[in-house]
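Novice: These are the residues of each chain, in order.
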Amino acid sequence: MSTKSLQQISKDGLWTNNPALVQLLGLCPLLAVTGTVVNALGLGLATMLVLIGSNIAVSIVRNVVPPAVRLPAFVMIIASYVTCTELLMQAYTYELYTVLGIFIPLIVTNCAILGRADAFAAKNPLLPSAIDGFMMGLGFTIVLLLLGAMRELIGQGTLFSNMDLLFGETAKDWQLDIFVNYPDFLFAILPPGAFVGMGLLIAIKNSIDSKIKEIEDGKKDGIVAGSKRVRVTGKIT
Amino acid sequence: MKLLNISSPHATRPGTTGGVMQQVLLAMLPGIAALTYFFGMGHIIQIALAVIVAVGAEAAVLYIRKKPIGFFLKDYSAVVTAVLLALALPPLTPWWITIVATLFAIVVAKHLYGGLGQNPFNPAMIGFALVLISFPVPMTTSWTAPTPILENAIGFSDAVTLIFSQRETIDAYTMATPLDLYKHKVAVATADEITLDPIFGSGIALGWEWVNIAFLIGGLYLLWRKIFTWHIPVSYLAALTACSILFGWDSDRFVPTSLHILAGATMLGAFFIATDPVTASTTPLGKLIYGAGIGLFIYVIRAWGTYPDAIAFAVLLMNFAAPFIDQYTQPRTYGHAKAKRGLPGKE
Numbered sequence: 001m002s003t004k005s006l007q008q009i010s011k012d013g014l015w016t017n018n019p020a021l022v023q024l025l026g027l028c029p030l031l032a033v034t035g036t037v038v039n040a041l042g043l044g045l046a047t048m049l050v051l052i053g054s055n056i057a058v059s060i061v062r063n064v065v066p067p068a069v070r071l072p073a074f075v076m077i078i079a080s081y082v083t084c085t086e087l088l089m090q091a092y093t094y095e096l097y098t099v100l101g102i103f104i105p106l107i108v109t110n111c112a113i114l115g116r117a118d119a120f121a122a123k124n125p126l127l128p129s130a131i132d133g134f135m136m137g138l139g140f141t142i143v144l145l146l147l148g149a150m151r152e153l154i155g156q157g158t159l160f161s162n163m164d165l166l167f168g169e170t171a172k173d174w175q176l177d178i179f180v181n182y183p184d185f186l187f188a189i190l191p192p193g194a195f196v197g198m199g200l201l202i203a204i205k206n207s208i209d210s211k212i213k214e215i216e217d218g219k220k221d222g223i224v225a226g227s228k229r230v231r232v233t234g235k236i237t
Numbered sequence: 001m002k003l004l005n006i007s008s009p010h011a012t013r014p015g016t017t018g019g020v021m022q023q024v025l026l027a028m029l030p031g032i033a034a035l036t037y038f039f040g041m042g043h044i045i046q047i048a049l050a051v052i053v054a055v056g057a058e059a060a061v062l063y064i065r066k067k068p069i070g071f072f073l074k075d076y077s078a079v080v081t082a083v084l085l086a087l088a089l090p091p092l093t094p095w096w097i098t099i100v101a102t103l104f105a106i107v108v109a110k111h112l113y114g115g116l117g118q119n120p121f122n123p124a125m126i127g128f129a130l131v132l133i134s135f136p137v138p139m140t141t142s143w144t145a146p147t148p149i150l151e152n153a154i155g156f157s158d159a160v161t162l163i164f165s166q167r168e169t170i171d172a173y174t175m176a177t178p179l180d181l182y183k184h185k186v187a188v189a190t191a192d193e194i195t196l197d198p199i200f201g202s203g204i205a206l207g208w209e210w211v212n213i214a215f216l217i218g219g220l221y222l223l224w225r226k227i228f229t230w231h232i233p234v235s236y237l238a239a240l241t242a243c244s245i246l247f248g249w250d251s252d253r254f255v256p257t258s259l260h261i262l263a264g265a266t267m268l269g270a271f272f273i274a275t276d277p278v279t280a281s282t283t284p285l286g287k288l289i290y291g292a293g294i295g296l297f298i299y300v301i302r303a304w305g306t307y308p309d310a311i312a313f314a315v316l317l318m319n320f321a322a323p324f325i326d327q328y329t330q331p332r333t334y335g336h337a338k339a340k341r342g343l344p345g346k347e
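Same order as they appear, the protein sequences are chains A and B. For the first sequence, the numbering used here gives the first residue as 1, with consecutive numbering after it. For the second sequence, the numbering used here gives the first residue as 1, with consecutive numbering after it.
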C-alpha cells in the first residue's frame, strides 16, 4: 500500500517530517550528547544504523505479526539491533562508546525509531521502508551534527575535536581552533544550552518554511498584469 | 473587536513607563554612589558599558522586528535592565562577560519573548545567571576589596585597565565578598575569629552595610512615590530574616542575620529586582507569597548552595511561579461573592 514516492519519503525524512525538528522525537539523546561534533556524529550514525535495520526487519515481518502484539515485537527487534550496534561500537570505537555511555543502550527507547516502525515500516514494503529508515536517520543525524557543531563552537571555540574517537589516529589533527584563547562558555556545553540551541534550530526551520510558503502563495495569488478584476465572494485577504 | 489579552493591573495611572523607569534610575543613585565610594570605579565603567551595549542591542532588535525605535528606547527599560545587571556583576568583571550578559538579557530574555511586558523572567537576572554559570571563575574572583582596606584605591584608569586589558595584577584589588568569606570560614572558626578579618570592618560588613542602606533609601523613595507597593519588599525581607533567625541563630555555625540583611545584594534585590512589575505577581496576596518565596530561596541558596550570592536564582525561581500564584490569589471582585475554593462538594 505504498502511496508515497521514494522522493517524497526522502523529503519527509530530511525536512517536512524531520524526526528531530518536526516530530520532536528522541530529544533525550539529542539534547544530552550533542556537546561536540564527534559525539553527535557517533550517536547519529548508531541511531541511523538501528533505524535502517529495524525498519527493514519490521517491514519483512509486517504480515506475520498480529496487530495486538505488534509493539512488543517491534521493540524486541529494535532492542536486538541496538545490542548489535552496541557490540560493534565496543569492538571498533571503544573510547567513543565509553564517552556516549548510557545513551547507546537508550537508543532502544528513542521514540523516533519505534514511531517509524509502527507508522511506516509496518505498512510498507521492504524498499520504501529501508529508504525511510535511512532518510529519517540522516535527518536526525544532520540535526545532531548541527547542534553538536553549534555547541562545540560556542562552548569550546573548536570544531571537530577528538575526531580520532571515531576515525582512528589519522583524525587526531582534524581539530579546528576557531577562536584562540577561548574561555569555555559553559552554558553552551551544559543542558540548558542544548535546549536553547534546539529552539533556535526549530525557529530557523519554521522561518524558512514560512518564507517558502509566502513565496508560493505570492505566486498563486499574484495579480497577473492585464487581467480583469472580478468581484468574487468567499475569500477576503 | 479584538479582546486585549494583557495581565492585570488593568487600571492605569497618569505618567508613562519612561517616567517610572526614570524614577527607578534616580532611586538607584545613592546605591551607585555608595558602591563607587567603597568599591572603586569598577561599577561606573560596568554601568556605562552595559548601558551602551543594551541600548545598541535594543535598537538593533527593534529595527529587525520593525518596531518604532525611538518610541521604545524612550521607555528607558533597556537602560534600567542594563544598570541593574551592571550593579549585580562584580565591579572588575572582564568586559566581554558584561557584553555577553547584556546581549543575552536584551535579545534573548526580553525580545525573544516579545519585548517589554511579555518577558516571563527578569532580563537582568537572566543575563547575570547566564554568565554566572558559564564563567564561574572570573565571576567569583572579580569582587573588589573595600577601598578603606586597600593600599591604593581603584581609580578610573586602574579599573579600565583591569576590566579591558591585563588582569594579571587583579589579585591585589580583589577579595571574597563578606557573605562568601563567612560561609567558608564558619566551618573552621568561631564568629569572633571570623569578624577579625578587616573585610568586616568595625560594623557588620565594611562598605556593604552602607551600600545596602543606600539602596534601602532609594527603595523607600520609590515606595513613597508609589512606584510599587510595600508587599514584595516587606515579605521578602521578613522571610529572609525569619529564615536566618530560625536556622542561623548560632553565629558560630551559620551566617548571622545582620550579614544576610546588610551584605550582598539583599536590598538591591528587595526594592529593585524583585519588584519588577512585569515578572512579579500582581495580586496583593500573590505579592506577599512571591516576596516570601524569594526570601526563602535566597536563604536556602546562600546557606546550602555554592554561589556567593543568591538573588538571581531566587528571583528567577519565583518568576516561574508568578503566573501560578496569580491564578490562585485572584482577589474578590467588589460586589461579588467570595470565589469557592477547592473541589465542589456535595450540597
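Because the hints were derived from the structure by calculation, they are not lab data. Model, not experiment: these values are computed from the prediction. Treat each hint with caution, since some may be false.
[What the hints assert, rightly or not] Cβ-Cβ distance ranges computed for the label pairs, FRET-style:
1) 218/A x 136/B: 47 to 57 Å
2) 188/B x 179/A: 38 to 48 Å
3) 327/B x 83/A: 46 to 56 Å
By construction, the Cβ of each residue, glycine as well, lies at the ideal position given by its N, Cα and C atoms.
Novice: Decide, hint by hint, whether the structure agrees.
Specialist: Evaluation of the provided hints:
Checked against the hint of 47 to 57 Å, the pair residue 218/A and residue 136/B passes, with Cβ atoms roughly 51 Å apart. For the pair residue 188/B and residue 179/A, the supplied restraint of 38 to 48 Å holds, since their beta-carbon distance comes to about 41 Å. Checked against the given bound of 46 to 56 Å, the beta carbons of residue 327/B and residue 83/A, roughly 48 Å apart, stay inside it.
Of the numbered hints stated above, none is contradicted by the structure.
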